[in-house]
Amino acid sequence: MVTCYNIITIAVNECRTQKLVEYFKAQMRKNPDMASAVAAIRTLLEFLKRDKGETILGLRENLTWATDCLTGVDSSVAVSSGGELFLRFISLTSLEHQVCCLLPWEGVCDLTLAIANLCFSVFQDLSRCKKVMEERGELFLEKISMSRTKVAKLCHTFIKDGTKILTHSYSRVVLRVLEKAAAEKKRFSVYVTESQPDSAGRQMAEALRKLNVPVTVVLDAAVGYVLEKVDLVIIGAEGVVESGLYHKIGTYQMAVCSKAHNKPFYVVAESFKFVRLYPLNQQDVPDKFKYKADTLKTVQNLSEEHPMIDYTPPSLITLLFTDLGVLTPSAVSDELIKLYL
Amino acid sequence: MPGPDKETDLTERIEAFLSDLKRGGSGTGPLRGSAEMARETTSLLRRITAQARWSSAGDLMEIIRKEGRRMIAAQPSETTVGNMIRRVLKIIREEYARSRGSSEETDQQESLHKLLTSGGLSEENFRQHFTALKANVIEAINELLTELEGTTDNIAMQALEHIHSNEVIMTIGRSRTVEAFLKDAARKRKFHVIVAECAPFCQGHKMATSLSKSGIETTVITDAAIFAVMSRVNKVIIGTQTVLANGGLRAVNGTHTLALAAKHHSTPLIICAPMFKLSPQFPNEEDTFHKFVSPHEVLPFTEGEILSKVNVHCPVFDYVPPELITLFISNIGGHAPSYIYRLMSELYHPEDHEL
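Top line first, the protein sequences correspond to chains R and A. Here the first sequence is numbered in UniProt numbering, starting from 1 and rising by one per residue. Here the second sequence is numbered in UniProt numbering, starting from 1 and rising by one per residue.
Pulled out of the complex, with its shape left as it was, chain R reads as follows (with noise of 0.2 Å):
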């Protein structure tokens, strides 16, 4: 008997996954140029709108579960700190219907919302809660997209004419940077690395090339021999954690050398990638971010696999360019704890 009901709910919980994750990569397919963070808060948010759950903690329960799924398909830093935003507004949107005799203050710990959901669950307006989310997630949706907008202008005042510069890899950030720069006439000029294993340097090449910016594809090996002609750097970001930044393999190396070279680094990333957490070294990097997240289910021996991301320190990096404005690297963390305690 029990097993009989255990095989339906592993059955019907693959279902579900199947679903979510196709419906995760639609959405990834129908706008390239999204984010994937962005993909993953759309497909969260219809998962909320189609869930049929009754009590709030039952709804955490689903979101979380519906989140480590979608690490499971894209294991990229963004996607997992989108998610857990998510989560975070889910909590702060539920707190303000609770009835209000308990816990009026914010910063409460998940255990005690648990206890007050659990009291509650049952007297709560679930639906109207509910309507209130899918809204305020909707226009979550639309500020953050259009945070690419925000930074490109805070950004491209810093690039002035007959400037150099150095960019990693494939970036749509940088993008969108370059895109509002070239429009207001600046005549600029741009080396990207190939960025190894995958190539991504070239695409952005091509992108740079359709915008007639001149550019030159470097070899990761060049950082430091081209870093003399350059003015600027500036790069991506997977995440941004307390302590520093998470790119792609070989960033960490590009700032070590402008330190060393006095040029500044300045890192643009949208608001919904700083992640909470707080890594001191390379080790400190987990895996579920290194390596993709096929090689984590098939290769046994990952310390044969190449990483693709690495950890940069605070110290190597001049600015931050986000939706929330210009920040110095001990900003971030303050902007973190705001939304978090």
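Where hints are given, some of them may not hold.
Stated by the list, open to error - Taking lysine to aspartate or glutamate pairs in the DMTMM-like style, the calculated list, with each CA pair at most 20 Å apart, reads: (1) K259/R x E323/A; (2) K143/R x E323/A; (3) K150/R x E323/A; (4) K185/R x E285/A; (5) K153/R x E323/A.
In case anyone wonders, no lab produced these hints; they're calculated from the structure.
Fit chain A to the known structure of chain R by using the hints.
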């Protein structure tokens, strides 16, 4: 009729201020201290609030922005003018929010939290009319003026914590704030000051004379001797013209040399700067300025033969990156350079960074 008279009076005062700004900038060094400039700007803004015709907060902010842009265009190197305008704009926003009774969000900034919880795309157009708004804004500006009056004293009060007996302090050029700081410490402690003369304007000489009149042992050195003497120095205390948004400085020329020498000898570099000098500009942005004055200080016109063959420049300011700075002492206390972003978010609203 009192109406048009007040208006012409107001426009006259604004024009007088603008021409003063234009004149005051050219010449050998600042003719007026930044504190005076800040005070005059704030009084003028208070007058505009009191006398100009406006019905809602949005109108007032538009008027102030318009006049502000003219003032900044008249003398771009005087950043305190722009800073005061942004402070007043923030005051207006706060008073408006308070009149509306909306929950006093201490962060009007964008933040991750706001992104998640706000109910709609915030379209604050400040169109509502409140009768008490004028009085509240003027009162708040008066508070700002009181704060401005007390800045030098507040900074000088902190002197005894930083200066100890028998220390050798180095400074460069002439800063009224540092002068008051050192004089206050001299009341209770005995120490030695070395002043770098800061060519070509040699304001260091005036500083040395003033300090020695208060009984402080002072030595004047040339700028070239800074590195040589630095090994004997315990602390470097300087003033600045502007504090930039990344924690760097725009200070009198020669300061970068001083900062590098201090870093090399691991001597702490302390900046005495009141809060009105904090500006939301970044050093590498498009329209950051640099100021060059007449090069006759460097190479006088009497050397006519050489002048036709060489290019002579006389820059006024220097940029000092935040890594070389140890501590900022302002009228609200001491801060590390990495904390400047926080102070900025408290003083100015992000939409006012570009007037």
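Hints, verified against the model:
no.: 1; hint: K259/R x E323/A; verdict: holds, 12 Å
no.: 2; hint: K143/R x E323/A; verdict: violated, 35 Å
no.: 3; hint: K150/R x E323/A; verdict: violated, 28 Å
no.: 4; hint: K185/R x E285/A; verdict: holds, 16 Å
no.: 5; hint: K153/R x E323/A; verdict: violated, 27 Å
Figure legend: structure checked against the earlier numbered hints; hints not met, in rising order: 2, 3 and 5.
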